[in-house]
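Engineer: The lines below spell out each chain.
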Amino acid sequence: MLRAAGLVKSYRAPAGTPIRVLAGVDLTVKGGEIAVVTGPSGSGKSTLLNVLGLLEDGDGGEIWFEDTRVSALGRAAKSRARGRYVGFLFQSFLLLPSLTALENVLLAARYVHRSGPATRRRAIGLMQEVGVADRMDHFPAQLSGGEQQRVAFCRAVLNDPPLLLADEPTGNLDDANGAVILDALRGRARAGAAVVVVSHRPEAAVGASALYRLRGGVLESP
Amino acid sequence: MRSLRVLRGYLFTVLGIAIGVAGLVALGAMSERIVRFIEGGDRFVLGQISVAGRGMGMGTGFTAGGILPAATIRAISEVPGVQGVQAQIMLPLDPSTSQFMTVTQELVLGMDLSVPTPNRHYRTLPVRSGRFLRQGDHKVAVVGASFAASRGLSVGSHLMLEDEGYEVVGVLDRMLTAPDRFVMVSIDDARAQWVAKDRLLRTVLASGGMALTASDLNTGAAVGWRDGDDPDAVALRIKERVPGVNVQLPSELSRLLRSSTAFFSALLIGIGALAFVIGGLSLANTMAAAVFERIRDFGVKRALGATDLQLGREVLAESLAVTMVGGLGGIGLARALGWFIDRYLAQAQQLFHFSPRLLVGALAFSILLGAAAAIYATARVVSLSPAEAIRRGA
Numbered sequence: 020m021l022r023a024a025g026l027v028k029s030y031r032a033p034a035g036t037p038i039r040v041l042a043g044v045d046l047t048v049k050g051g052e053i054a055v056v057t058g059p060s061g062s063g064k065s066t067l068l069n070v071l072g073l074l075e076d077g078d079g080g081e082i083w084f085e086d087t088r089v090s091a092l093g094r095a096a097k098s099r100a101r102g103r104y105v106g107f108l109f110q111s112f113l114l115l116p117s118l119t120a121l122e123n124v125l126l127a128a129r130y131v132h133r134s135g136p137a138t139r140r141r142a143i144g145l146m147q148e149v150g151v152a153d154r155m156d157h158f159p160a161q162l163s164g165g166e167q168q169r170v171a172f173c174r175a176v177l178n179d180p181p182l183l184l185a186d187e188p189t190g191n192l193d194d195a196n197g198a199v200i201l202d203a204l205r206g207r208a209r210a211g212a213a214v215v216v217v218s219h220r221p222e223a224a225v226g227a228s229a230l231y232r233l234r235g236g237v238l239e240s241p
Numbered sequence: 003m004r005s006l007r008v009l010r011g012y013l014f015t016v017l018g019i020a021i022g023v024a025g026l027v028a029l030g031a032m033s034e035r036i037v038r039f040i041e042g043g044d045r046f047v048l049g050q051i052s053v054a055g056r057g058m059g060m061g062t063g064f065t066a067g068g069i070l071p072a073a074t075i076r077a078i079s080e081v082p083g084v085q086g087v088q089a090q091i092m093l094p095l096d097p098s099t100s101q102f103m104t105v106t107q108e109l110v111l112g113m114d115l116s117v118p119t120p121n122r123h124y125r126t127l128p129v130r131s132g133r134f135l136r137q138g139d140h141k142v143a144v145v146g147a148s149f150a151a152s153r154g155l156s157v158g159s160h161l162m163l164e165d166e167g168y169e170v171v172g173v174l175d176r177m178l179t180a181p182d183r184f185v186m187v188s189i190d191d192a193r194a195q196w197v198a199k200d201r202l203l204r205t206v207l208a209s210g211g212m213a214l215t216a217s218d219l220n221t222g223a224a225v226g227w228r229d230g231d232d233p234d235a236v237a238l239r240i241k242e243r244v245p246g247v248n249v250q251l252p253s254e255l256s257r258l259l260r261s262s263t264a265f266f267s268a269l270l271i272g273i274g275a276l277a278f279v280i281g282g283l284s285l286a287n288t289m290a291a292a293v294f295e296r297i298r299d300f301g302v303k304r305a306l307g308a309t310d311l312q313l314g315r316e317v318l319a320e321s322l323a324v325t326m327v328g329g330l331g332g333i334g335l336a337r338a339l340g341w342f343i344d345r346y347l348a349q350a351q352q353l354f355h356f357s358p359r360l361l362v363g364a365l366a367f368s369i370l371l372g373a374a375a376a377i378y379a380t381a382r383v384v385s386l387s388p389a390e391a392i393r394r395g396a
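Chains B and P are the protein sequences, given in the same order. The opening position of the first sequence corresponds to residue 20 in this note's numbering, with each subsequent residue numbered one higher. The opening position of the second sequence corresponds to residue 3 in this note's numbering, with each subsequent residue numbered one higher.
If we strip away everything but chain P, and leave its shape as in the complex, we get:
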């Protein structure tokens, strides 16, 4: 009861701390969101060698290449060091949008399910409900979390892709990276969509000018490597031995990805640092002011026999409680704000990621800084004589 009253006495201090921590956590959560996106992409590109047909076809994805025929895929699989080649098709869901990878682009990913996924970091994708695709699946889809949320899809829902109905058999966990906006289908279904989307391709196929079969319609391939092999060396070997392909070295692609997002990273680091300093100063100032306000009380307590140590312990306990409540309140406030924005303003995208490390870090930061500020202020106060403290407090 008395503890609650003590906290009530610190109401404005708690509110001040809560607002400072909320700002810190909200900015940190946006930063974490971008970091997770970049890290996810990085893990993906470092887990496989991405190969595409040479040119700038309809196919999108990491290489934005042209057609990768079946014969080329076979040739890649025969390169020493290669272990597992999975033909894939990546198509923009809406062809009127840019073909280049953007943060929010929705993609259709067709996968050859007869081959295990070669990506070392994503052997399987985490399914939140339902199941992942299986070999032999036809007109069924697994959708990413953001994709599902933006359209209200769940397992059993139906989805129209190029005028064809698909049943949603699985929804992925939110991964905070590209697959959140993917629709995954079998490669045969993706080939049918590609032909339906691409008038030029239809014309070429109808003319019979190119000797193409369905299995030649791939926009790229995910290539694995044997244990112990250097993926960059294997990628270079593919480049040398297989003509007509775009090969991305995993390390080079990782560098490209990181440099393309470096501006955002720097911006967020700057904002985070600013929030850290401003939030920290505000918190420390609020806590120290709360102690200085009670200078007369400290004088009285010392007149009653309190030692510096006793007062220090008392202030420390109170400041820990106040910053803990303020910090938790701030985290709650930031989470509520994040939920509201994600739910109503961000069109099913997740803009905030409240990672455990962020929440624990923000709470620990606020508690330690609050305690340090309180101890500093107490040390200043107890350096006065009790009579002086009472005089100044009056």
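Isolated chain B (complex conformation):
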């Protein structure tokens, strides 16, 4: 499902000197697999996930979603590709504060033109699966961190994307809520999605198809 080859990415330090974060990352994740990437803080894990998910452009390399070389697409096509192929789960949940939990979940369908009663039913069904259906009319500020991340998970999977990218999905959660989210991600992999998880937590590696460590800008198998 996901194939990345030779990804390169640098940032400029305030002094102007380039800092190479990715120095030729190769990664392939098939449908049904979970790839877990670990590494120390500042090693570039989030940058890798952002580049893989087309949230920012790399300086070099190629990314393929299925048979489409998405790294070569224009801005609008990249946006459409994100909507069609990718579901994101962020450490800080990134729910929109002005929307209710259900509206946050449904937001994922709005930009891929899937809004409708069936989508609404599916959103509520997903929220029931992860135990937040009774909070669907609450705003993010009225939810606990665990509830917010479960809502964010429902948003990430609403369109049934073939690729799930999770950036420290349990970083702000207690163990119990972290376990719920990791189980849910494994469930998506069992359903056929390719899942990439960036995490510090050792339990994230449980059930992983592949485990990588990002060091010096390249992925290493530990």
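None of these hints come from the bench; they were simulated from the model. Treat each hint with caution, since some may be false.
What the hints assert, rightly or not - Which chain B residues face chain P? A few, computed with CB under 7 Å, are given here:
id	residue
1	N69
2	L74
3	E75
4	A95
5	S98
6	R101
7	G102
8	F107
9	L113
10	L115
11	A127
12	Y130
13	V131
Just so you know, these numbers come straight off a predicted model, no measurement behind them. Cβ atoms here follow ideal geometry from the backbone N, Cα and C, with glycine treated the same way.
Since chain B is already given, all that's left is putting chain P on it; use the hints.
Structural biologist: Only chain P this time, still in chain B's reference frame:
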């Protein structure tokens, strides 16, 4: 429901826009009021040739002249090009005030109703209630809107003028120009008031030193011209052929009127321009800030697949709604302020004129500027990568 919530999220933006638009509209309404006053006066003086007797008598009005005897009026009517001469009397309601035309002076206007009004732009005056004067009327009055409001007069009310009772038979529509403060009576009634007001005139009449009859007591005349004639040329002809008169050329009087109000016009244009710039900048800044505040939301939406176009449409729709509500709120606020000031502080004068062109213009201005600011801010935001937008928003 969700739309209301979106607007609630923009509450301070809406309030900021409303206050900016209210300031803009209130200043614009004051400007419109003055413009209407000037335009009304201009239309009046351009619609007739104003003639007065030579000198500086009690009579007021546009020429501030002396007595214009009946024989002179007949002579004017025989000048080629003249069509219709209406004898008139203009008197200050309160003789202790200046005889010169001021913005707020109240005047008594006596009209010879046996002659149709020659003024081309004011053949009739708009009556809000009751009726206008008719030939043969005696001790009845038609009053202007401000005059009526300041004294609580309506049709059927009674009014004392020089110790004589008058019944109000009509109230004019508010015209935002001089007749708003007029009391209109028949010329015979006005002559009686003039004699009552003017001790010198009474002395002259009693002495028999001047051969004056009642029909000689006129302060001026409104003179019309035949179709196709140049009013200025007709006025010059009157000046040449009729001795002892002050004749004002319509175009010259118009110029005088405009130059006398030029200071106010310039002041209001300056204030209006300042309000336009300050209000516009405030509105644009408020709207752009509201978009920049949501930079993280835009990053998230782009992560979910929103294209620049989709986000642009979304922001445009929201900004239109926000500026529309803010603009309408601002107009409402300005109108409430104007009503309050006119009702309680302006002593029945109307200081604000909320013309349709002002309201539509202010609303269109706020909506277009708000939308432009929102689109500009959105373009800035979407130029960032979604990851950068999320980072900055955090």
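Engineer: Evaluate each hint against the coordinates.
Structural biologist: Okay, the hints, checked on the actual structure:
Because the beta carbon of N69 of chain B sits about 4 Å from the nearest beta carbon in chain P, less than 7 Å, this interface hint is met. The beta carbon of L74 of chain B is positioned within 7 Å of a beta carbon in chain P (closest approach about 4 Å), and the interface hint is therefore held. Satisfaction of the interface hint for E75 of chain B is found here, the shortest Cβ-Cβ separation to chain P being roughly 4 Å, below the 7 Å cut-off. Checking A95 of chain B against chain P: minimum C-beta separation of about 5 Å stays under 7 Å; hint holds.
Contact between S98 of chain B and chain P, as hinted, is supported at the beta carbon level, the nearest pair being about 4 Å apart and thus within 7 Å. Satisfaction of the interface hint for R101 of chain B is found here, the shortest Cβ-Cβ separation to chain P being roughly 5 Å, below the 7 Å cut-off. Against a cut-off of 7 Å between C-beta atoms, the interface hint on G102 of chain B holds, since the closest Cβ of chain P lies about 2 Å away. With 7 Å as the threshold, the beta carbon of F107 of chain B comes within range of chain P, its nearest partner Cβ sitting at about 5 Å, so the hint holds.
With 7 Å as the threshold, the beta carbon of L113 of chain B comes within range of chain P, its nearest partner Cβ sitting at about 5 Å, so the hint holds. Given the 7 Å rule on beta carbons, the hint for L115 of chain B holds: about 5 Å separates it from the nearest Cβ of chain P. Given the 7 Å rule on beta carbons, the hint for A127 of chain B holds: about 5 Å separates it from the nearest Cβ of chain P. Satisfaction of the interface hint for Y130 of chain B is found here, the shortest Cβ-Cβ separation to chain P being roughly 4 Å, below the 7 Å cut-off.
Interface hint status for V131 of chain B: upheld, as the beta-carbon distance to the closest one in chain P is roughly 5 Å, under 7 Å.
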